[in-house]
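Listed below are the residues making up each chain.
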Amino acid sequence: MNEILSLISPRWFSFKNGGMAQNAGNRRIRFFLFAVIGAAFWLGAFFIFYRVLTYFRGVEEFGDILSRKLLSMVIMTFFSLLVFSGIITSLSKLYLSRDLILIHSLPVERFRIFIARWIESTIDSSWMAVLFSIPVFLSYGVVYQAGPFYYGIAGMTLIPFCLISSLLSVLLVLIVAAVLPAGRIRTLFVFMGLVFVVALILAFRLMRPERLVNPESFASLVLYLQEMEISGSPFLPTTWAFDGLFHALANQHAAALFDLVLSLSAAAALFYIAVWIAGSLYFKGYTKAQTSAEKLLVRKKAPRPHCVRPLTIIPRTTRTLAAKEVRTLLRDQTQWTQLFLIAALIVVYLYNFSVLPMEQAKIRPIYLQNLFSFLNMGLAAFVLVAVVARFVYPAVSCEGDAFWIIRAAPLELRMFLWVKFFVYYLPLLVLAEVLIVSSNILLQVTPFMMVLSIATIFLTTPGIVALGIGFGAAYPDFHSENPSQSVTSFGGLLFMLLAAGFILLVIVLEAGPVYQFFIADIHGRTLSAPQMVRLIISFGLVLVACILSVVLPMRFGQRRLSE
Amino acid sequence: MIEIKNLTKKYGKKLAVDHLNLSIAKGELFGFIGPNGAGKTTTLHIMAGILGATEGSATIGGIDVAEEPKRAKKLIGFIPDRPFVYEKLTGSEFMHFIGDLYGVPEATLPAKAEDLLMRFSLYDWANHLIESYSHGMKQRLIIASALLHDPEVLIVDEPMVGLDPAGIRMVKTIFRKLTDNGKTIFMSTHSLEIAEELCDRIGIIHNGRLIALGTTGDLRTTARLKEGDLEEAFLRLTGKDDS
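Chains as they are written, first to last, in this note's numbering: chain A, 16 to 578; chain B, 882 to 1124.
Incorrect hints may have been included.
Covered stretches of chain A, as calculated for chain B (at least 3 residues, CB under 8 angstroms) [claimed, not checked]: (1) 422-435; (2) 467-473.
Straight-line distance between alpha carbons at most 20 angstroms, and here's what the computed DMTMM-like set of lysine to aspartate or glutamate pairs gives [stated by the list, open to error]: (3) Lys-886(B) - Glu-949(B); (4) Lys-907(B) - Glu-884(B); (5) Lys-969(B) - Asp-416(A); (6) Lys-969(B) - Asp-347(A); (7) Lys-1053(B) - Asp-1081(B); (8) Lys-886(B) - Asp-945(B); (9) Lys-951(B) - Glu-427(A); (10) Lys-303(A) - Glu-1012(B).
By construction, these hints were calculated from the structure, which means they are not laboratory data.
All values derive from a computational prediction rather than experimental measurement.
Even for Gly, the Cβ is constructed at its ideal location relative to N, Cα and C.
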């Protein structure tokens, strides 16, 4: 046991010594910002569940069924996420981490190394799911006026729940890694996982869960009840967790304890099976993971590999930097496969507009359509911020330890950053415009709102991309094993806050004059002179904000990167 | 060819390089040695324009690196101690990438890249992703790419790390050939045998200060040794001599 604790200790020491690091100040601010954002999400989740459950309880006869269905869906979602996260984390911890060479050179039995890495992987993959499951369980407790027994069972249930999901993930990884090199499995799992998540999101959304609160939309009451009362298999850990929680809510102590013990014993059994299998498969898989990734991409002899031949009017240095950027991005499957996820989110986003029940609203549809269209500009910009955070912000950090090449080359950093800017700006502009135009078509907005949306997105996209590049350059992390995580750093948070602030500023500046124009248009009037002046000033300020949001972050990033 | 005047670098309160003065002639192979943390890599990085100095200057071929970094860098080939490169490019693509950045004429670049890949025994791997290269192959690729634009000055940090005996011999021969053709090499190394064998002059840096400069014979004199090799002189001068 001491050896296992020693193997985990570097992690603890790194955490403890974080305060001694040069960027300790940034770390504290980051922690504070994360705490605030986390608390907001946490309270938001609690509030939403509390409201939904209170509403369900008010629905006679079906209320409890709806609550049960909701809980089973939540548990199933948590479990799926835990398993997926467990696969990716355990693969990295057991086979791909840089420190594994050192760890395997230590005079420690391999099964102990396996257990230590599994513990780390379990903590890493489940802490967030645990944290955000608490408001859900808490809201059930509050709405059902449960006693301390429920809270105790809920807390205890989470332990075997996380252990079982993590053990199932690690068992799968152990078996597959013995057959395939771990580097390729990661690509495979990331790809499969994303397809799974995309399918889950699409299936969930296309199922239109909002109908659950509207029994009238079902063909008949019988069909509705049938849909609601499908129970889970008794062999699934999700069923044990679900049953345990509901038995505890109903004060059925013995039944709840039985479900808890069932989960705990399953976790213990799986642990022994995992350690037993690891004894024979772990080192075999680890050895396989160390083999050279030979011939991953062998091309026919191509003496001048120019994929950008038609673009010869662009200066040579710019062209070669852009080609390098595109190649490195596209050849890293863990990067571009995430585009599927974004595509799914966009489909869901657009689908939401297509099913908006405008005709049922009490407000006149024309108001609603234009109000949604206006809000849609902000929403589309926020979607863009999310994409920029994932792909653009880490672009400078992705240079990694090879950044010395850029520093040593006869090249101005300004140009290096502007090339990155344009490589991402052009496709993202197309994405944002497609998003806004298609959602506006679905909303059937007025031509004025269509033009305004297109123009606003056209003006704000460069600013959002520049904020991503600029702050990514100002706060780079060249030594990270996974640069895409750099967005969770202090600089990443600063980028997200500023980008959100920038979008809000543009929306606020446009809202007043647009409202006046819209009302005047409906009443067949023209804008008065003061209203016209206000409109010009507001749009002038939007233009200034958009220009500054490009120039300032790019300069800031260049200055910081040069230091 | 290389002039270093009063070069000083501070990391916070720590003085990494302390008023360093050096002058390296054209065609000279200069060895820069010192214990770990003496300030070797910091000096090399400032010379290559990767790092800014706190004080003083470094000029390459009469061009101040801090004032005109772009012009100065065109004269320099930099070889770092650790071979970090873009893993998702092929060897050939990497050579073309570097050639484009350093402005190697497009007409001659393919032939030059091919020739260097051949000389460094990488031709068969030219179309493989760099992520499949061994440490030594990556090191050879970096050396090959640094020679692509015929630099007047080669700044080299620990060139032999990770190379096999054949690779070491190859690099030694190439370095000698380059200096015979009038190129200047500023090389930091921990290998005293290589410094003794290859370098025209050697500078010893300790705690950021240049404590000795000259040929192996000069260093022996400075260390007040009548005989013995560079290792003994080095240990004596840096105060690590326990005997």
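Against the structure, the hints come out as follows:
| no. | hint | verdict |
| --- | --- | --- |
| 1 | 422-435 | holds (count 6) |
| 2 | 467-473 | violated (count 0) |
| 3 | Lys-886(B) - Glu-949(B) | holds, 16 angstroms |
| 4 | Lys-907(B) - Glu-884(B) | holds, 11 angstroms |
| 5 | Lys-969(B) - Asp-416(A) | holds, 13 angstroms |
| 6 | Lys-969(B) - Asp-347(A) | holds, 7 angstroms |
| 7 | Lys-1053(B) - Asp-1081(B) | holds, 13 angstroms |
| 8 | Lys-886(B) - Asp-945(B) | holds, 11 angstroms |
| 9 | Lys-951(B) - Glu-427(A) | holds, 7 angstroms |
| 10 | Lys-303(A) - Glu-1012(B) | holds, 16 angstroms |
When held up to the earlier numbered hints, the structure conflicts with hint 2 and nothing else.
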